[in-house]
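Undergrad: This is what each chain is made of:
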Amino acid sequence: DVKVTQSSRYLVKRTGEKVFLECVQDMDHENMFWYRQDPGLGLRLIYFSYDVKMKEKGDIPEGYSVSREKKERFSLILESASTNQTSMYLCASRGGFANTGELFFGEGSRLTVL
Amino acid sequence: AQSVTQPDIHITVSEGASLELRCNYSYGATPYLFWYVQSPGQGLQLLLKYFSGDTLVQGIKGFEAEFKRSQSSFNLRKPSVHWSDAAEYFCAVGPYGGATNKLIFGTGTLLAVQP
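Residue numbers (my numbering), protein chains in the order written: chain U, 453 to 566; chain Y, 181 to 295.
Everything labelled a hint here was simulated from the structure, so no lab data went into it. Among these hints, one or two may not hold up.
No farther apart than 20 Å at their CA atoms in a straight line, the calculated lysine-lysine pairs in the PhoX-like style are these [to be verified]:
{"id": "1", "chain 1": "U", "residue 1": "LYS509", "chain 2": "Y", "residue 2": "LYS282"}
{"id": "2", "chain 1": "Y", "residue 1": "LYS282", "chain 2": "U", "residue 2": "LYS507"}
{"id": "3", "chain 1": "Y", "residue 1": "LYS241", "chain 2": "Y", "residue 2": "LYS229"}
{"id": "4", "chain 1": "U", "residue 1": "LYS455", "chain 2": "U", "residue 2": "LYS470"}
{"id": "5", "chain 1": "U", "residue 1": "LYS523", "chain 2": "U", "residue 2": "LYS507"}
{"id": "6", "chain 1": "U", "residue 1": "LYS523", "chain 2": "U", "residue 2": "LYS455"}
If you want the footprint, here are the derived chain Y segments under chain U, 3+ residues with CB under 8 Å [what the hints assert, rightly or not]:
{"id": "7", "region": "218-230"}
{"id": "8", "region": "282-292"}
In this text, all values refer to a predicted model and were calculated from it rather than measured experimentally. Don't be surprised by glycine CBs; every beta carbon is placed ideally from N, CA and C.
Work out the full structure: start from the sequences and follow the hints.
TA: Take a look at the structure:
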């Protein structure tokens with residue numbers, strides 16, 4: 453079975469803290485994504501990566517950065533967490549260009565910033 | 181502007197009843213269309229997808245969807261709902277060619293199933 457694993461399901465952090473959200477996939481996929489999910493807003497793309505050390509901004513990159521040092525791992529970083537970053541964060545991966553586009557999602561990381 | 185609209189935020193159906201979840205899209209090019217399901221506490225799982233060909237597509241768990249270009253719709257259907265179908269459903273549209281970085285998600289429809 454394909455698997456995308458988000459190491460932290462629930463996190464509580466304080467305003468101004470640095471937060472790392474980790475995601476690992478075991479499918480040898482080239483593409484990895486970080487989405488933010490909020491009620492009434494659906495999923496919004498924060499960043500994606502199409503190769504190791506390569507990244508592109510999504511629709512809402514402000515306040516976030518990412519790191520992809522290895523193909524299987526994609527990290528989302530909140531340099532200085534703020535209360536408006538309280539949300540559910542979903543990691544996803546996808547195969548190469550020839551792939552039909554299915555995203556495989558992790559179970560999500562629910563972050564609360566106090 | 182490219183967009184996906186799921187007009188129903190919340191739907192309640194009785195177990196055994198039929199279901200139709202609506203999805204309308206606005207997209208300038210030939211779209212790829214997807215339906216994903218999110219069970220409580222879980223990530224999203226692909227139900228079905230449409231790229232080309234037969235406009236009625238079959239998916240997992242007994243779901244189907246019909247692409248209607250003239251109506252810019254891709255509605256999800258199931259003839260008989262099971263209690264385990266209670267979840268949130270997301271419609272998504274992307275460009276022909278599968279560049280998933282451009283995938284646009286709807287805001288979701290939360291389905292409740294009454295016994």
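Undergrad: Please go over all the hints and tell whether each is borne out by the structure.
TA: Outcome of the hint check:
no., hint, verdict
1, U:LYS509 x Y:LYS282, "holds, 11 Å"
2, Y:LYS282 x U:LYS507, "holds, 14 Å"
3, Y:LYS241 x Y:LYS229, "holds, 14 Å"
4, U:LYS455 x U:LYS470, "violated, 27 Å"
5, U:LYS523 x U:LYS507, "holds, 12 Å"
6, U:LYS523 x U:LYS455, "holds, 14 Å"
7, 218-230, "holds (count 7)"
8, 282-292, "holds (count 5)"
Consistency with the previously given hints fails for number 4 only.
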